[in-house]
Each structure stands twice: as C-alpha cells, then as structure tokens.
Amino acid sequence: MSIRERRRWLALAASFAVSACSRKPGTNEGAAKPASTLTMRPYGERSPYEKVQRDARESTKSVGVGSSRTPLHELEGTITPSALHFERHHAGVPVIDPAAHSLVIHGLVRKALRFSLAELKRLPSVSRLHFIECSGNGGGELAGSAGADASRSHGLLSNSEWTGVRLKILLEAAGPEAGAKWMIAEGADACRMARSIPLTKALDDALIAYGQNGEALRPEQGYPLRLLLPGWEGNASIKWLHRLHIAAEPAMGNQETAHYTDLHPTGKASIFTFEMEANSVITRPSGSQKLAGPGAYEITGLAWSGRGKVARVEVSLDGGESWQAASLDEPVLAKAATRFRYAFKWSGAPTVIASRCIDETGYVQPAREEIIAARGPNSTYHYNGIKRWMIKQDGSVTHV
Amino acid sequence: MFSTLMLAAMLAQSGKPVSAEEIRAIDLTVFPNGSGLPRGKGTAVRGAALYKEKCAECHNEKGEGREQQYPRLVGGIGSLATAEPVKTVGSYWPHATTVFDYIRRAMPYETPRSLSADEVYSITAVLLYWNGIIGENDELNEKTLPRVKMPNREGFVPDSRPHQKTKR
Numbered sequence: 001m002s003i004r005e006r007r008r009w010l011a012l013a014a015s016f017a018v019s020a021c022s023r024k025p026g027t028n029e030g031a032a033k034p035a036s037t038l039t040m041r042p043y044g045e046r047s048p049y050e051k052v053q054r055d056a057r058e059s060t061k062s063v064g065v066g067s068s069r070t071p072l073h074e075l076e077g078t079i080t081p082s083a084l085h086f087e088r089h090h091a092g093v094p095v096i097d098p099a100a101h102s103l104v105i106h107g108l109v110r111k112a113l114r115f116s117l118a119e120l121k122r123l124p125s126v127s128r129l130h131f132i133e134c135s136g137n138g139g140g141e142l143a144g145s146a147g148a149d150a151s152r153s154h155g156l157l158s159n160s161e162w163t164g165v166r167l168k169i170l171l172e173a174a175g176p177e178a179g180a181k182w183m184i185a186e187g188a189d190a191c192r193m194a195r196s197i198p199l200t201k202a203l204d205d206a207l208i209a210y211g212q213n214g215e216a217l218r219p220e221q222g223y224p225l226r227l228l229l230p231g232w233e234g235n236a237s238i239k240w241l242h243r244l245h246i247a248a249e250p251a252m253g254n255q256e257t258a259h260y261t262d263l264h265p266t267g268k269a270s271i272f273t274f275e276m277e278a279n280s281v282i283t284r285p286s287g288s289q290k291l292a293g294p295g296a297y298e299i300t301g302l303a304w305s306g307r308g309k310v311a312r313v314e315v316s317l318d319g320g321e322s323w324q325a326a327s328l329d330e331p332v333l334a335k336a337a338t339r340f341r342y343a344f345k346w347s348g349a350p351t352v353i354a355s356r357c358i359d360e361t362g363y364v365q366p367a368r369e370e371i372i373a374a375r376g377p378n379s380t381y382h383y384n385g386i387k388r389w390m391i392k393q394d395g396s397v398t399h400v
Numbered sequence: 001m002f003s004t005l006m007l008a009a010m011l012a013q014s015g016k017p018v019s020a021e022e023i024r025a026i027d028l029t030v031f032p033n034g035s036g037l038p039r040g041k042g043t044a045v046r047g048a049a050l051y052k053e054k055c056a057e058c059h060n061e062k063g064e065g066r067e068q069q070y071p072r073l074v075g076g077i078g079s080l081a082t083a084e085p086v087k088t089v090g091s092y093w094p095h096a097t098t099v100f101d102y103i104r105r106a107m108p109y110e111t112p113r114s115l116s117a118d119e120v121y122s123i124t125a126v127l128l129y130w131n132g133i134i135g136e137n138d139e140l141n142e143k144t145l146p147r148v149k150m151p152n153r154e155g156f157v158p159d160s161r162p163h164q165k166t167k168r
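In the order they appear, the protein sequences are chains G and W. Quick note, in the numbering used here, the first sequence goes up one by one and the last residue is 400. Quick note, in the numbering used here, the second sequence goes up one by one and the last residue is 168.
Keep in mind that the hints were calculated from the coordinates and are not lab data. Take these hints with a grain of salt, some might be off.
[To be verified] Simulated crosslink set (DSS-like; lysine-lysine; CA at most 25 angstroms straight-line):
1) G/290 with G/345
2) W/52 with G/61
3) W/54 with G/61
4) W/167 with G/201
5) G/201 with G/181
6) G/168 with G/201
7) G/111 with G/201
8) G/181 with W/16
9) W/54 with W/41
10) W/165 with G/268
11) W/52 with G/168
12) W/167 with G/309
Predicted model only: the values in this text are computed from it and were never measured.
Isolated chain W (complex conformation):
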C-alpha cells in the first residue's frame, strides 16, 4: 500500500496543468442545456444543399437510410410503443443538442470534424425539418437549438433492473 504522503508526492510529479485555450481546442461536449455549443447559425434551406453534398451518399436522399446499416435519420415518430418501433433522430432522440454534438464529432463518416459550426447548425436544421420538428426557415443557433422540443423528450426512464428481488 502507498501512504497518502507518498501518493501525493507521486501525483505532484505527474499531471501538468492545462490552459483554458488548450481545453477549448479539444472540447467537443455539448450538453442538453446548450453549454458547449459554438456560436453560429443555420436553417434547413441551407442544410438541404449541404446534406445532399455531404450526407446523402450514405443516408439517402432525405434521411431514409440505406441497406447495410447506414442508419435512417427521419421518420418513425409515434412508432415507439408499437410492435415495430422505428428509432430515428426524430422519433427517439430526446435532445436536439445531441444531433449537433454527434454530427460535429462523427460525421461525415470519412471526414469527421470537417464541417464549420454554421454547416452543422444547417444540417441539424434540415434533419429536424424533415422530421417535422421545426420549420424550413427557423434559424438554429446556440440559443435556439437547446429550446427545440424533441417528440421523445420525456421518453426515457431510469434503470429499473433487477426485475426480481435480490439482497441489494
């Protein structure tokens, strides 16, 4: 066992301070309250053109998805309680901020993090528009995006397991 003193001494030798600037350069997290969103703006009108150029190849013309698991991004609203639930950005994702966060960090698949903030807002807008969640000319920016109410906002409940009596 290491004494607390020894451990403190070891820790003092390792772990360098990181500046706020360095953190800004790598921080991609966006929270549901909008914290972490960069300044910028976009609408579905601009997003439709960008989507066609950068996303349609894999996710199809209007987010229908393609065979071989290129996920569907549009539709399925109202299907979750049926025998054949369709989980998409529109039907399942509880927060609009997640759409921005995920596209910014991970898409387009071959060139992630190549889109500007305005481009990500625009493409987020077109996906929400095709899902009937916002209007074609509604502007998304760091203030309006967290206020978008997703259809499945109240759809998640805490872990209810174990589904049987245990000693814990």
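The shape of chain G in the complex, shown without the other chains:
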C-alpha cells in the first residue's frame, strides 16, 4: 500500500471513529451503535457487569500457601474459564521465563534427555478435555462442616482442555531400563514439589501439557509446563514441571506420605490413592441461590469420574430415598466433567435435592455414611459423598 493510500485509509477510519464517538456513549438507544469504548482490546475481558470470582484464601502468614476455589455454582457448561481454575499452592506461583525452562528426564533410562519448550512443541501433540480435582475436595463435607455453596463444597474441581505431548513418547525416547517402575516428577516452584508416579500411568495417558483452553497454561496452572495425569488427584499433576526422575522405587516424599494419604480408624493409612472416584454436585439450584417461587425449574450440575466416563447421573427430590435418571449433555468424555440436567416442578414445600454419579465401571457414588463406614471420619482426602441441598419454603437453598 502506498503512503498516500495509507493516509486515505487512516483518514477514513478516523472519520468513522469520530462519527461513532459523536453519539452519546454508555446508553442503550439504538441497537447498532457502540455502547462503550471497551472495544478492540488486544486481550479481551468479560463484561464489567460480570463479577464471578474465585474464593481465594491464604492459609498462613507466609504468602503462597493456600487455595482458591472454582465458583461452580456460578458457571455454565463444563469448561472452567482459565481465570477461574481452582488453585492449590504449597509455595506460591513462580514466574518462569519459558525460554529458560526445560524438562530433564533422567535416572533409570538409557539416555538422559533435556527438552526445551520449543522442542516439546515441535513434537506431535494432543488436546484433551479433563478435570483436575484436588483430593482434598470435599474434605469439609467429610469432617461434618458442609460447604454453604458449591464453591465451598466442591470448588477444588475444574475442567479444561489441555494440550501437550504424550509423556509416553518422551519416555520411549529416553528408554526406561529394566526395573524402572516409578517416576518422580518435580516442579520448579520454591518448594520443588515432587510426587512419585507409577510408570504404568506415565506410559498410559499422561500428558506433558503446555496449553490450557487454547492458550498457554496460566502461571497458577504450571506455566510453562505441567504434568497432567487424567483422573488422578490434582496434587500428582505436578505444575512448573522441570524434572522426571525414573526409578525402581517411589521416593516416599512428604507430599505422598505426610499428606494425601487416607488415615483409617485402625491407625493405618492408604497410600498412593491416586484415582478420584465418581462424584457429582448440583450447581443450580444450590447453596446461596434462591428460587423465585413454586413452579418449573431445571436442576443442573456436574458429574465426573477418574475411572472413565460418566454412565448415568441420578437426581433425588426426596433427600436420597428415590432416584431418577438425569439427561447428560454431549459429549460425555472419559475423566472429564459432564453436565447433567433434570426438569422438576417445585411445589413450594421444603425439598431436599441430591445427585449421584454412576460411572462406566458400575461404581455408584456413595453416601457420606458409607465412606465413613469404609475408612472412618479422619481419612481427610478423596471424599466423594452424595451432596444434598435443601430448598426451604421461601425458595432459598442451603446445605444440609
């Protein structure tokens, strides 16, 4: 384009801009005219009227130990917006220059290898939808202090599209030696968070992920690289991944012994309880919401299983006495959140609603009492009991 032509285009564009601005901004008269100056942003933002946010808490005075919860009751569909993905950090969020970051695979391998980000991205990748759930999700429910809303009861669950390289490809390039059975994955955060992972999982469906919902991972989700172990407790999907140590034995590190183990009344604790079992929660109507009055409503919520696909979700309108099948939004994907829906008519009488998930292995989401019978009240982690909400006479919804 010649300079003269370019000037003409710029002048034309400016005159459009002037005519647009000459209208009164910020009002709603006339459908076609821009109502604000918030257009053409290089990186978009939601409407200023939308305020949904995470419930974020630091648990000590030392900054960086804490969690934030996804506001499940205020979201639609199945994808968790990246800005609302739950967080659980043990030593803050590191700022990592991707050009200076790499992944080293070493230990019981024929060839120790270092992969730069650029090298990893050049390899064949896949994008898959998977939930990540902290195994502490629902710990309060088990302990008897039920969450007042779905964020506080189940908000350590999020669901995203993850893009990355299958770990199997990288491991085969390094060549595990005879006797290699475990992989110690370590992050580059301040505490060098590490977990021992059975090599069978690493060679099955594990991903080395660099993408989240179409863009780079968020810093809070492990930028620039994280391990993703579909269906397994979130803590094991090491963020800021920089080292994979192939070994014959697990390291028995702090995060897999002192924490994330389920203590039984016998005094023994289950260790390496990786799979997140079938779970579900009604997100609407749910705690903190209010029905406008008697009439027809949709009950909707999320269901998921770390063992595969959700086969069926059932809804109860009588506190768990009887159950009816809900419909499931397509697609129903393995180890991914699935949205269920159920139409019901609220009479105006106090009603206890609940949901339960049945996965493709035939596993039925249990009641809290069954979990306590199986492993006691102090098992802390991996709670997946049926969540009930009470619709009171005035339409307000509370936890039970």
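Based on these hints, arrange chain W on the given structure of chain G.
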C-alpha cells in the same frame, strides 16, 4: 497419526543429552534406601541451635507448630488409631529420609535450599530427637539416616478402593 519413522525422526531433532554433572546439580530426590543423600553429618546438639535460628519463628520453640497452619513437627506418637490423630514428622512419617529430603528442598520457607548438607542432617537430627526417635548425640549421616526406624514405618497400606463391587 504419525508413523513410527516420522516420530523417531522428530524425536531425533529434539531432546538433548544431559551430562551426569548437570543432573547432580539439579537432583534433589532422596530415596528410603538412602540413595540420593549427600555426604555430611550432624547431631541434635548442633541442630537445636540451627533450628532456633532458622525454623522456630514459624514452627515454634520445639516443633509445637503455630496457629494459621504452620505445621506441628513433634509429638502425636501413638495417636493415629484414636479419635483425634495427630500427624507429625514423628508420629506419621514412615521414613527418616523424607525429613532430610523435605527440609533440603523446601525449608526454611522463605529461603529454601539455603542450608548445607551438614545443617540439614543436624536439623533432621533435632526433630528426630525431640520426637524421641534418636539420642541427642547420635550422628546422622548418609549411612545412618536410612537406618533410623520411624515409629510409623509399617503404617501404610495400598489403596483398597473401590469399597464396592464394580465391573473392574
């Protein structure tokens, strides 16, 4: 789908060899059999002074812990099968190597990996001493640490779930 040949060609272009020296510089893993432990030594006597200087601010005078989740490090032995189990380094951790591994990689919270190997052995020793697991003058080093028998050494069992019959 990528052919195996194509994939091999792609992998040949990516992933650089790493030297043993580079690995030593970043490898923090300590295994229960002691593999990964650096040379060094320490006792509870030396550890008590170091603990006071570097750890007490958050974990309290003798590992009692503080409010706001600065974890308790001492006590609780024998409590695991009761209604109020207290999980600490002494009562719950199955391997002494884990204490060394965790302190070396993650503590002190604000300045992790600032302690020398001797300092980590010493502080590990004082925590084990306060828990009644070793004596005040027992030396911990890369040979003796893996041999320390923790009270909850046999306390862990494999995943027994699902707690119901399934198709798997």
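So, going through the hints one by one against the coordinates:
Pair hint residue 290 of chain G plus residue 345 of chain G holds up; C-alpha atoms about 15 angstroms apart against a cutoff of 25 angstroms. Annotation: proposed proximity of residue 52 of chain W to residue 61 of chain G holds, straight-line Cα distance about 19 angstroms (limit 25 angstroms). At most 25 angstroms may separate the alpha-carbon atoms for a hinted pair to count; residue 54 of chain W and residue 61 of chain G meet this at roughly 16 angstroms. Distance check on the hinted pair: residue 167 of chain W and residue 201 of chain G sit about 20 angstroms apart at the alpha-carbon level, within 25 angstroms; holds.
A distance of roughly 10 angstroms separates the Cα atoms of residue 201 of chain G and residue 181 of chain G; the hinted pair therefore holds under the 25 angstroms criterion. Our distance criterion of 25 angstroms between C-alpha atoms is met by residue 168 of chain G and residue 201 of chain G, whose separation comes to about 9 angstroms. Taking the CA atoms of residue 111 of chain G and residue 201 of chain G, the gap is near 21 angstroms; set against the 25 angstroms cutoff, the hint holds. The hinted pair formed by residue 181 of chain G and residue 16 of chain W meets the criterion: a straight-line CA distance of about 23 angstroms does not exceed 25 angstroms.
Among the hinted pairs, residue 54 of chain W with residue 41 of chain W is consistent with the structure: their alpha-carbon atoms are about 18 angstroms apart, no more than 25 angstroms. Distance check on the hinted pair: residue 165 of chain W and residue 268 of chain G sit about 23 angstroms apart at the alpha-carbon level, within 25 angstroms; holds. Distance restraint check for residue 52 of chain W and residue 168 of chain G: the Cα-Cα separation of roughly 46 angstroms exceeds the 25 angstroms cut-off, and the hinted pair is therefore not satisfied. Between residue 167 of chain W and residue 309 of chain G, the direct Cα distance comes to roughly 13 angstroms. Compliance with the 25 angstroms bound is thereby established for this hinted pair.
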